[in-house]
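2 protein chains.
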Amino acid sequence: MHNTIIYEDPAISIEKEESEIPWLKIFTKAPYRELTDMPKELRDKVWDVYYIIEEEMRAYYKPKKINMASFANMLPRVHIHVMARFENDSYFPNPMWGEKLRDAELNLPDEKEFHKILHAKLAHYFTSLQTERRSGIPDRRKRC
Amino acid sequence: MHNTIIYEDPAISIEKEESEIPWLKIFTKAPYRELTDMPKELRDKVWDVYYIIEEEMRAYYKPKKINMASFANMLPRVHIHVMARFENDSYFPNPMWGEKLRDAELNLPDEKEFHKILHAKLAHYFTSLQTERRSGIPDRRKRC
Numbered sequence: 249m250h251n252t253i254i255y256e257d258p259a260i261s262i263e264k265e266e267s268e269i270p271w272l273k274i275f276t277k278a279p280y281r282e283l284t285d286m287p288k289e290l291r292d293k294v295w296d297v298y299y300i301i302e303e304e305m306r307a308y309y310k311p312k313k314i315n316m317a318s319f320a321n322m323l324p325r326v327h328i329h330v331m332a333r334f335e336n337d338s339y340f341p342n343p344m345w346g347e348k349l350r351d352a353e354l355n356l357p358d359e360k361e362f363h364k365i366l367h368a369k370l371a372h373y374f375t376s377l378q379t380e381r382r383s384g385i386p387d388r389r390k391r392c
Numbered sequence: 249m250h251n252t253i254i255y256e257d258p259a260i261s262i263e264k265e266e267s268e269i270p271w272l273k274i275f276t277k278a279p280y281r282e283l284t285d286m287p288k289e290l291r292d293k294v295w296d297v298y299y300i301i302e303e304e305m306r307a308y309y310k311p312k313k314i315n316m317a318s319f320a321n322m323l324p325r326v327h328i329h330v331m332a333r334f335e336n337d338s339y340f341p342n343p344m345w346g347e348k349l350r351d352a353e354l355n356l357p358d359e360k361e362f363h364k365i366l367h368a369k370l371a372h373y374f375t376s377l378q379t380e381r382r383s384g385i386p387d388r389r390k391r392c
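As they're listed, the protein sequences go chains R and Y.
Here our numbering = 1-based position in the first sequence + 248.
Here our numbering = 1-based position in the second sequence + 248.
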């Protein structure tokens, strides 16, 4: 299976899940079974990334609701699913793992453009963070 | 419906979901649509609480995997599900919202005892945090 990677750095990667809805997965490069196996700093980074994805999905797609999940029962390697949900998607209001309720035809804005915007936001965020750490200016993550 | 509250303070409450598996839900007292609508400090607190629940569930029940999710599609009020999953539960390896695969009979350790331990851990954690904030000793959350 081909995985489309939207963003990566030495610690994490963000992959697209093939779906009718906007659906991304946050992986850590090093594998962990559970969130509480990760070092605190990496967990914080995963949530920073999650918040940026959630904010950008909300701004770009105006979804009815954001859904988030972490299961990894088959292969116990923790990763976070981020999904933009719409009232007329095939499963709403069920979770994407629940019963399919209809055959949806969603008319969503261009996905490639969204990935470009998201990549720029993440790159900018982590570059600013590094610069600020070097310069001693307070951590911008506080703004979240 | 009767909701069993395992823990609460002015900012959050933890409720038990009726299920064959250990399943708790973290709510904020103030309602928010999405995680990114919460103030940063409250989000951090929600994850601190989540990590304590995950750690205690792992220690007490020795589950095959922890599952976590946030949907709230029917009533858009964000809350976090924390579930201890077992290879022989009725849905494994599917998410609890997926297809039921068998009629499980789980033989789990006493739930009331778990709730007691968890309550004590949370109460201790937040009391220490307050004491340390007053005394100026570095925030113990860093240990996570």
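Please note that a few of the clues may not be correct.
Which copy is meant is left open, because identical chains are indistinguishable; a pair holds if it fits in one copy or across any two.
Claimed, not checked - In silico DSSO-like pairs for lysine-lysine, Cα to Cα no more than 30 angstroms straight-line: (1) Lys348 with Lys369; (2) Lys288 with Lys348; (3) Lys312 with Lys348; (4) Lys312 with Lys273.
Worth flagging that the hints you see were computed from the coordinates, not collected in a lab.
Just so you know, these numbers come straight off a predicted model, no measurement behind them.
The hints, checked one at a time:
For the identical chains of this complex, Lys348 and Lys369 are neighbours neither inside a copy (33 angstroms) nor across copies (40 angstroms), given an alpha-carbon limit of 30 angstroms. In the homo-oligomer, the alpha carbons of Lys288 and Lys348 never lie at most 30 angstroms apart, since the shortest distance is 37 angstroms inside one protomer and 35 angstroms across protomers. With identical chains, the CA atoms of Lys312 and Lys348 are at most 30 angstroms apart both within one copy (17 angstroms) and between copies (28 angstroms). Taking the shortest alpha-carbon separations for Lys312 and Lys273, both the intra-copy value of 19 angstroms and the inter-copy value of 22 angstroms come in at or below 30 angstroms.
Hint check: violations occur at hints 1 and 2; the rest are consistent with the structure.
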